[in-house]
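Read in the working numbering, the sequence shown has 146 at position 146, and its numbers run on one by one without any break.
Take these hints with a grain of salt, some might be off.
[Claimed, not checked] Straight line, CA to CA, 16 Å or less: simulated EDC-like cross-link-like pairs of lysine to aspartate or glutamate:
{"id": "1", "residue 1": "K22", "residue 2": "D39"}
{"id": "2", "residue 1": "K124", "residue 2": "E109"}
{"id": "3", "residue 1": "K124", "residue 2": "D165"}
{"id": "4", "residue 1": "K22", "residue 2": "D7"}
Hint data in this document are derived by calculation from the structure and do not stem from the laboratory.
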Amino acid sequence: VQALVRDPSSPAAAALAGLGIKTLAGELDSDDALAQTCDGASAAFVALPAARGTTNEMERARRVASIAVCAGIRQAVYSTVSGTGWRERGEALYRDPDHNYWINKEAGERAFREAGFETLTIVKPTIIMEDFLPPKSNTLFAELARGHIAMAIAPHRKIALVAADDLAAATVAALNE
Numbered sequence: 001v002q003a004l005v006r007d008p009s010s011p012a013a014a015a016l017a018g019l020g021i022k023t024l025a026g027e028l029d030s031d032d033a034l035a036q037t038c039d040g041a042s043a044a045f046v047a048l049p050a051a052r053g054t055t056n057e058m059e060r061a062r063r064v065a066s067i068a069v070c071a072g073i074r075q076a077v078y079s080t081v082s083g084t085g086w087r088e089r090g091e092a093l094y095r096d097p098d099h100n101y102w103i104n105k106e107a108g109e110r111a112f113r114e115a116g117f118e119t120l121t122i123v124k125p126t127i128i129m130e131d132f133l134p135p136k137s138n139t140l141f142a143e144l145a146r147g148h149i150a151m152a153i154a155p156h157r158k159i160a161l162v163a164a165d166d167l168a169a170a171t172v173a174a175l176n177e
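The task is simple: from the sequences and hints, build the whole structure.
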């Protein structure tokens, strides 16, 4: 198992290394770094950072998928977000500035579907329960400390929650099976 990391000396990278994962320094926008990370691999797990207001995420998804397939990776698990596809169904769920967010997510899914992997699993988590804990909750749910969860969502919409460990287990199961 190997992972592309920005800073191999970071605590997160050190934790991966502590699990026996080979960390390779590089950036998502570097074709060379992506090719090096894919070298010798048969499967890939890809989770790209959201890039609101830009096309970075969809461009990265296209680049990662293409390089992975060219490197001989046959299987991919791509982590995106719950709720994609609403625009194609004719629903108007969100307005700008979130419009670009959904275009990026849907384009990323499309890039992975069209890349030519023998096996593709797309996981679509919504809110990860650990996001309600500090330090993430301090920015994602600033009102939580006062007992409120403020979200721009229609009151009749249900929100699925997932624990990070369950999401990881589903991802590992997809890779193993």
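Verification of the hints:
Straight-line distance between C-alpha atoms of K22 and D39 comes to about 12 Å, which keeps the hinted pair within the 16 Å bound. Distance check on the hinted pair: K124 and E109 sit about 10 Å apart at the alpha-carbon level, within 16 Å; holds. With a C-alpha separation of about 15 Å, the suggested pairing of K124 with D165 holds against the 16 Å cut-off. The straight-line distance between the Cα atoms of K22 and D7 is roughly 13 Å, inside the 16 Å bound, and the hint therefore holds.
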